[in-house]
Amino acid sequence: MNRSAIQNIKEDLHSALTHIGNLEQCALLNYPNHLNIGDHLIWLGSILYLIDVLKTQINYVASPNNFSAEVMEKQVGKAPILIQGGGSLGDMWSDRQKFHEHIVSKYQDRKIIFLPQTIYFKSEDRLKQTKELLNSHGNLILFVRDNYSHELALKNFSKCQIIKAPDMAFQMVDMPELIYQNSPGDKILFLNREDKELNRQFTSDSIDIPNLVIDDWVSFHKKWKLGKPDSPRIQYAAKLYRGIWQRGLLTPGEWIHRQKWLSHQYKIHNLDKLHNPSMHRLSFSLMHSGIYQFTKYRFIVTNRLHGHILCLLLGIPHIFLPNSYYKNQAFYETWTHQVPFCRFVKDTSHIQQAIQELASMNTSQQMKISG
Numbered sequence: 006m007n008r009s010a011i012q013n014i015k016e017d018l019h020s021a022l023t024h025i026g027n028l029e030q031c032a033l034l035n036y037p038n039h040l041n042i043g044d045h046l047i048w049l050g051s052i053l054y055l056i057d058v059l060k061t062q063i064n065y066v067a068s069p070n071n072f073s074a075e076v077m078e079k080q081v082g083k084a085p086i087l088i089q090g091g092g093s094l095g096d097m098w099s100d101r102q103k104f105h106e107h108i109v110s111k112y113q114d115r116k117i118i119f120l121p122q123t124i125y126f127k128s129e130d131r132l133k134q135t136k137e138l139l140n141s142h143g144n145l146i147l148f149v150r151d152n153y154s155h156e157l158a159l160k161n162f163s164k165c166q167i168i169k170a171p172d173m174a175f176q177m178v179d180m181p182e183l184i185y186q187n188s189p190g191d192k193i194l195f196l197n198r199e200d201k202e203l204n205r206q207f208t209s210d211s212i213d214i215p216n217l218v219i220d221d222w223v224s225f226h227k228k229w230k231l232g233k234p235d236s237p238r239i240q241y242a243a244k245l246y247r248g249i250w251q252r253g254l255l256t257p258g259e260w261i262h263r264q265k266w267l268s269h270q271y272k273i274h275n276l277d278k279l280h281n282p283s284m285h286r287l288s289f290s291l292m293h294s295g296i297y298q299f300t301k302y303r304f305i306v307t308n309r310l311h312g313h314i315l316c317l318l319l320g321i322p323h324i325f326l327p328n329s330y331y332k333n334q335a336f337y338e339t340w341t342h343q344v345p346f347c348r349f350v351k352d353t354s355h356i357q358q359a360i361q362e363l364a365s366m367n368t369s370q371q372m373k374i375s376g
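Add 5 to the 1-based position in the sequence shown for the working numbering, that's all there is to it.
Keep in mind that the hints were calculated from the coordinates and are not lab data.
Among the hints, erroneous ones may be present.
Stated by the list, open to error - Simulated crosslink set (BS3-like; lysine-lysine; CA at most 25 Å straight-line):
1) Lys164 - Lys201
2) Lys111 - Lys83
3) Lys136 - Lys164
4) Lys278 - Lys79
5) Lys116 - Lys169
6) Lys169 - Lys136
7) Lys103 - Lys133
8) Lys79 - Lys103
9) Lys278 - Lys301
10) Lys160 - Lys133
11) Lys116 - Lys60
12) Lys60 - Lys169
13) Lys164 - Lys127
14) Lys111 - Lys79
15) Lys265 - Lys278
16) Lys136 - Lys103
17) Lys351 - Lys192
18) Lys192 - Lys160
Predicted model only: the values in this text are computed from it and were never measured.
Using the sequences and the accompanying hints, generate a full structural model.
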């Protein structure tokens, strides 16, 4: 399978990130304290780029819920603050946006770097407020991950340094330890998000494909709703469930492989030397769950951006669908439209044809290999 287009995207990422410059140490904020595997892929790509490419000491990490100004000052002083990339710059996910605004307004005395973001505002008033805040900082770099966000940023954030870059998960392109050996069956997975980003045109009822399994990230199979999600008691209970029952007794083969895989990650990347290593271990654990989930299927249909990106990392043929706004289509048109084993479909009536094209391509490649 031709992966040159994906390797080129990683090169584009590295080229864009040179604008960060030398970075001896930093704080990395906005850790995803939830079970969305896509956000953990972004986090891991960021961590691995910083420690493996820039050789940066990440001396403080935090989620919005456990952020401590006192601890961060003690750990990094006036070092730059990096903010996790994703689709959280705007008013779609208001809790994350409030955290962004708090950090930018409080820390006007040091460099702040937003790693690659999709920008989306429904409210012109909220966009205006954010425009005034970001432009007031004076030492802010904003990486954006699609052409639409890039144009919006150039128009509104004139006092910031604006740079277009792919998603941070592309740091993991061709990472050998990504590979999980499994034999896909004949079934097709529809990885379907059903939150506020769902495009109602593409519901599970509107996609008529034989052998279709409809699911979301496997990490969502159990959600802990009793107590505060950041409380030690709830975190420990959730960890026991995910690690021992859901990923252990139910799927012992995956559990055994995951323990070895996690140990390998810590060894080759020296993750135990980072601040709060348990955070990174959870992210790697969730990533492994996503890999295990995906490699059981022949094809994948998804309306999740990081369902699309994980398919690219694993080389899985797939159909990519729109979300509720321009995020998916804009990213595809900016970066991944040249990938041969993916089709972006804007009409449900075209899904069958796209699957047939991908199946024909896959059969042709297998014949070349066997010949």
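Hint-by-hint comparison with the structure:
1. About 32 Å separates the Cα atoms of Lys164 and Lys201, which puts this hinted pair outside 25 Å; it is violated.
2. For a cut-off of 25 Å, the pair hint linking Lys111 to Lys83 stands: about 12 Å separates their Cα positions.
3. With a C-alpha separation of about 9 Å, the suggested pairing of Lys136 with Lys164 holds against the 25 Å cut-off.
4. Simply put, Lys278 and Lys79 have alpha-carbon atoms about 17 Å apart, close enough for the 25 Å limit, and the pair holds.
5. Simply put, Lys116 and Lys169 have alpha-carbon atoms about 18 Å apart, close enough for the 25 Å limit, and the pair holds.
6. For a cut-off of 25 Å, the pair hint linking Lys169 to Lys136 stands: about 18 Å separates their Cα positions.
7. Annotation: proposed proximity of Lys103 to Lys133 holds, straight-line Cα distance about 14 Å (limit 25 Å).
8. The straight-line distance between the Cα atoms of Lys79 and Lys103 is roughly 24 Å, inside the 25 Å bound, and the hint therefore holds.
9. Of the supplied pair hints, the one linking Lys278 and Lys301 is violated, its CA atoms being roughly 34 Å apart against a limit of 25 Å.
10. Between the alpha carbons of Lys160 and Lys133 the distance comes to roughly 12 Å, so the proposed pair stays at or under 25 Å and holds.
11. As the CA atoms of Lys116 and Lys60 are separated by approximately 18 Å, the hinted pair is consistent with the 25 Å bound.
12. Under the criterion of a C-alpha separation no larger than 25 Å, the hint pairing Lys60 with Lys169 is consistent with the structure, at around 22 Å.
13. Straight-line distance between C-alpha atoms of Lys164 and Lys127 comes to about 22 Å, which keeps the hinted pair within the 25 Å bound.
14. Note on Lys111 and Lys79: the hinted pairing holds, with a Cα-Cα distance of about 16 Å set against a maximum of 25 Å.
15. About 19 Å separates the Cα atoms of Lys265 and Lys278, which keeps this hinted pair within 25 Å; it holds.
16. For a cut-off of 25 Å, the pair hint linking Lys136 to Lys103 stands: about 14 Å separates their Cα positions.
17. The hinted pair formed by Lys351 and Lys192 meets the criterion: a straight-line CA distance of about 23 Å does not exceed 25 Å.
18. Our distance criterion of 25 Å between C-alpha atoms is broken by Lys192 and Lys160, whose separation comes to about 46 Å.
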